[in-house]
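Going down the list, the sequences are from chains B and E. Using my numbering, you'd call the opening residue of the first sequence number -1 and step up by one each time. Using my numbering, you'd call the opening residue of the second sequence number 4 and step up by one each time.
Worth flagging that the hints you see were computed from the coordinates, not collected in a lab. Keep in mind it's a predicted model, so treat the numbers as computed, not measured. A hint or two may mislead.
What the hints assert, rightly or not - Simulated restraints, written as ranges between beta carbons of each label pair:
1. B:62 x E:326: 34 to 44 angstroms
2. B:96 x E:260: 23 to 33 angstroms
3. E:423 x B:115: 29 to 39 angstroms
4. E:71 x B:75: 32 to 42 angstroms
5. B:13 x E:423: 33 to 43 angstroms
6. E:145 x B:46: 51 to 61 angstroms
7. E:439 x B:48: 36 to 46 angstroms
As the list claims (entries may be wrong) - Derived DSS-like pairs (lysine-lysine); straight-line CA-CA distance at most 30 angstroms:
8. E:247 x B:37
9. B:90 x E:308
10. E:318 x E:236
11. E:338 x B:90
12. E:73 x E:247
13. E:441 x B:37
14. B:37 x B:62
15. B:68 x E:73
C-beta atoms are modelled at their ideal positions from N, C-alpha and C, and glycine is treated no differently.
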Amino acid sequence: MKIRINVAPDIVVTPIIAEVILETRTLLNISQAHIDSTKGEIIADVPIDEFDKIKSALTSRGAKITIMDKPISRDEDECVECGACVSVCPVKVFTFGEDWSVNLDEGNCIQCGTCIEMCPHGALTLEQ
Amino acid sequence: MVEKSIHEINRRIKDGSVNVVTAEEMVGIVAELGADGAAKEVDVVTTGTFGAMCSSGVWVNLGHSEPPIKMQKVWFNDVEAYTGLAAVDAYIGVTQLSETRGMEYGGAHVIEDLLRGKSVDVHATAYGTDCYPRKQLDTTITLDDINQAVMMNPRNCYQKYNVATNSSNRTLHTYMGALLPDYGNATYSAAGVLSPLSNDPNYETIGTGTRIFLGGAQGYITGAGTQHDPTNKFGTIMVQGDLKKMNPDYVRAATFPGYGTSLYLGIGIPIPIINERVALATAVSDADISTNILDYATASRARPKLGQVTYEQLKSGTIDINGREVTTSSMSSFKVARKIAGELKDWIKRGEFIVSLPVDRLSTQGVFKPMLQTQETPLVGDIMSGNVVTIKQDASVYEAAKKIIESAFNHLPVVSNNNSLAGIVTSWDISKAVADDKFDLVEDIMTKDTVKAISSETIDVAAYRLDQNNVSAMPVVDKNDQVIGIITSDDISKLLARRC
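If we strip away everything but chain E, and leave its shape as in the complex, we get:
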C-alpha cells in the first residue's frame, strides 16, 4: 500500500517537483498505471465546478457611522440584507430580490457589483438607542470602503444533482431553468468527472479546514454543508473566503426567469493523493456517476423518479426517458469547471497553494430529513364539493344552462360517455353562446384543455394552479379521470377566512 504524508506532498509543492493533474486526466492515469502506480506518480488531483449555488452570501461590516446606528434593517441597492446581529454587520444572501427591480436584480448582483468595484447604495433604518441614537442612514459604498466582505456559504458544491424534466403541458420556470412541456428537455447540474466531492466520496481529504479555490481566491471548507446527505451520495460543504480577493470571472450573478436570482460560483478542491484508495477514488469518470431524473411537474418534495442516468449519458446531449429521446442542457458550465481545475493545478505547480488535510472529517453517514409539520395542511379532498353536477359532452347548451341554474354551480365539468373528464363549461361560455346565437352542443362551446386537480393535493398547490391558469374552479378527478368533485377559489377563500 502506497502511503504519502501531506508534508511530503507540500515539500514537493515548495521545491517544484510536485506532480499535479486534473481529475479528468487522472481517469486515464489510473487506467494505465493502476491505483498503486498512480498513487506513486501523482501527488495532487485538482477538481472544479462552476454552477448556481443558491445557499451563498457575504457578511459585510460597514464600520460605524457618525452618529452611530444599530441597523435594524438594511438594503443594498434595494436588496434587503440580514441584520439580526451587532450594529453594522449584515449578511447579503444571493437569492434576496430587489424591492424595486424584482427578479432581474438580487443579492447575487449586489455581490458581483461590489466585486467589480461598482458603488452600491446603502439604506438603513433603526429604532435608536442611547448608544446608537441614529434612526436612518443613507450612503454609497464600494468594496474598498467596507471593513470585511467575507463570503460564507452554508451549502455549496453538491456532490451531484438531480436531473429535471417536465411531464405537464406547460413550461415550468424553475431553479433548473425552463422545463419545456411534455418532456421537451431535461436539465442537469454539477461537473461529473470534475465534481469535487465525487472524487473523494469517503471525504478522506475533503473536510473541515481543507484549503480550496473559492471564487478565484483561496478559501476554506468550514464543515459539512446544510442538507449534507452522504448516505445518498448528495454530500455538501460549507465554505468561507475573502470576497475582496476573489475574481469576478468566478463569481457571477444569475437570474432564472420566473424563479429568482442565484450566484454562479467557482469552487475547486485539491485532493492530495495520500494513498491508493484516494488515488482510485479520483479515477471516477462521468460513466461512474449516476443520478435520478425527477419530474418537476409534481409540485411536491417527493417528485416522481422517472429513471436513472449517468453524467456520461447527460453529456452526450440526449437521454432516454421512458422511451423518448430528450435533449439535455447543462445548467453549470463544464468549460469553466475545467478552467478552475486547471488554474488550481497551476497555483499548486507554481508553489502558490499549499494543500491541507482536514482538521475534522465530514460525516459519511446521515440523510437530509423532510420538514416536521405540526399543522395539518388541508387537502383538495377536504374542502372540495363532492356533490358536483356534471354534464355530458353531447348535451345541448340549453340543458347546460338549466343545470347551472338548478345546481347554483357556475362551472359544469363536461364528461364523455364513459364519464371521464372531457372539458368544462361555465355560465360565461353559455352567455357567450347565447350572445353569438350559437345553440350547439356543449362540446362545441366547452373549454377542452381543462385545468384539474386531484383530491390528495394540498390546497396551496391547487390555489397556485388556479392562479397560474387564471381560472376560478377546477374539476377534481380520480386516477381514471372520473370527476369526483369540484374545487373553486371561493372554497379556498372561505377556508382562509375561517383560519383568521
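Bound-form chain B, shown alone:
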C-alpha cells in the first residue's frame, strides 16, 4: 500500500526513515521524496501487514502518515484517449494499449496531480 509521510521542518535533518527501517526491519520503498528546508514529503510503498508497525514507528518520531487510497480517476465520457497524460506521469500510470487505448494503472499513482494540468479535456481528477 502507498503512504505519504510528512515531516516537519525541525526534524528534516533527522534520519527518521533509516531509523524506522532499522527498528521495524521492514522494507519501505520510497517512490518520491521532496525535501527542503521548509518541509519533507515522502511517498512510499509498504507491505500491508507491516503498516501498523511502520506507522507507529514513524508517528512516534513526529512524522504524519496519510494512507493514499484515492488515486487519480478518469471521467470516461470526457477522455478522448489522446495520450497527453502519458509523458508527464512520473510513475507510468498511463500507457498505450495495442489498439491505442490509453490504459490507466491506478495502483502506481502517487497522486502528484501533474496529469490533471496536462489533460486537455479535464478528464482527470484527484479526490481530496
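Following the hints, position chain E against chain B.
Then chain E, alone, in the frame of chain B:
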C-alpha cells in the same frame, strides 16, 4: 499504368462492389501487390485525424428579433462572437474565452454545448438604427432554434506538426500541452500513417470541393487552409460542414491549462485510387513521415530545431534528443483517428458516401511567410543599463550594501571569480541579512537560480519573463554567461511611457 475514373469508383460504391481500405491497411497491400496491383484492387483509401484544431469556428444565424436588432456585439454564454456582418449573423471562434469563466470555457465549449442540445444564453448590444432600432437583447437558444450553424474552419488538418519540447528550467504551458522542464517530455500531434494530407502529398484528390468526413457528418474542403505551406510539407485545408448534422463524439471542446481553449475535431478524407501514383502515395507509413523537434523554451517564431524524428519513433513512446531519452505524448488521439477512417470506410461500403475529385487543385508550391513588422521592436540591449555594478560572490554583505548605496542600483548581479553570473542580491536580501543578524558572504544570501535575459531578446519577451517570475530586474548576460548589463521593470515602464 492503371487509371480509374471517379465515375467508375462511384458506380462500384453504388452497386456495393467497391473495395475500401484504411490508409493503415493500404501500407501492407501496396507492399504485397505493388502500386499497380494495389491500384487495380483498391478503389478508395480512407484517412482520419482527431486533434486540436484552433482555427475553427461556427457561423450562426439567429433569425430576427422583434423589434429587430443589428448586433454590434454578441456573447454566447459570455463568450464573444464576431459580428462585423449583417444583423444577426455571428462567428463563434473556438479559442475565444469566456469573459466570466476564463480559460475553462470558450467558443469551443459553446459549440459543443449547442451540438449536445444544451441551451445557450445570448446577449447582444447595438447602437440602434432606423431599420434596426433595438439596442439590447437577451435570449436563450438551442441548436434547433437557430437558422444556420455552419462550421467553417480557415485552417484544419495539418499534414504533420512539429514536436514540442522544453530546454528551460520551468514547466511551459502551451498549445502542445504542458512541457516539463529540462526536456522532461516531448509532445506531438497528427495521425502519421492515417494523416489525410500525408496520404496525398501532391494533392491529386484532396482539393477544393472534395467531400469529406467532418465532425461525424459529410462536409467539404473549400480550399487551401491559411498558412498552407506545401513546400515544407505543412499543407492545410479550409473546410465547411453543417454543425446540425455533426456527432458530438467528433466535436470536443478542450482547454490547454495556461494556454486557452481549442476544439478537438474529427476529419476523415477518402482518397479515390485513380491511378498507381495515388495508390503508392497512400502506402506512406509512420516511418516515412518525419518532422522537426522544436524547443518551445525560446519565445520566438524561430524556435531552435533540436533534431528530426519520424512518427514511428514518436509512437514508440520515447525519442532521442541530443543523447537523452525523452518520453513522448500524443496530443491527438490515434484511436479516434482510426475510428474515423473505419467509419468513413463503412459509409462508403454501404453506399452512403460518394467520393469526389476536386474542382480545383490546392497549390503544391508556396510557403508560410512571417509577419512584416513596420514598427521596430526594441530589444533588451537597446534599453538595458550597460554600466551595471556587479559584486563577487565571496564579497561580504557589508561590501554589497556599500555598492548598492554608491551605485543607486537595487539589484547587484553576483559574479564568480571568472566573472560569470552566479546569482543576484537585492537591497531586500541585505535588509533581511541585517534583520537576521547574519553577516555572511554574498553567496550565502544571494538568489542562486537567477532569472536572466540576453541583449538580442525583445522587450516583450523580457517583460513577460519578469512578470512570470515575479521579479523586478534581470541581469543581461552574453553567450558566455558574463554580465553585460541589467534590465529592470522601471526601464520597461519608462519606455512604454515614452511611447504614449
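* Asked: Against which earlier hints does the structure fall short, listed by number upward?
  -> 8 and 15
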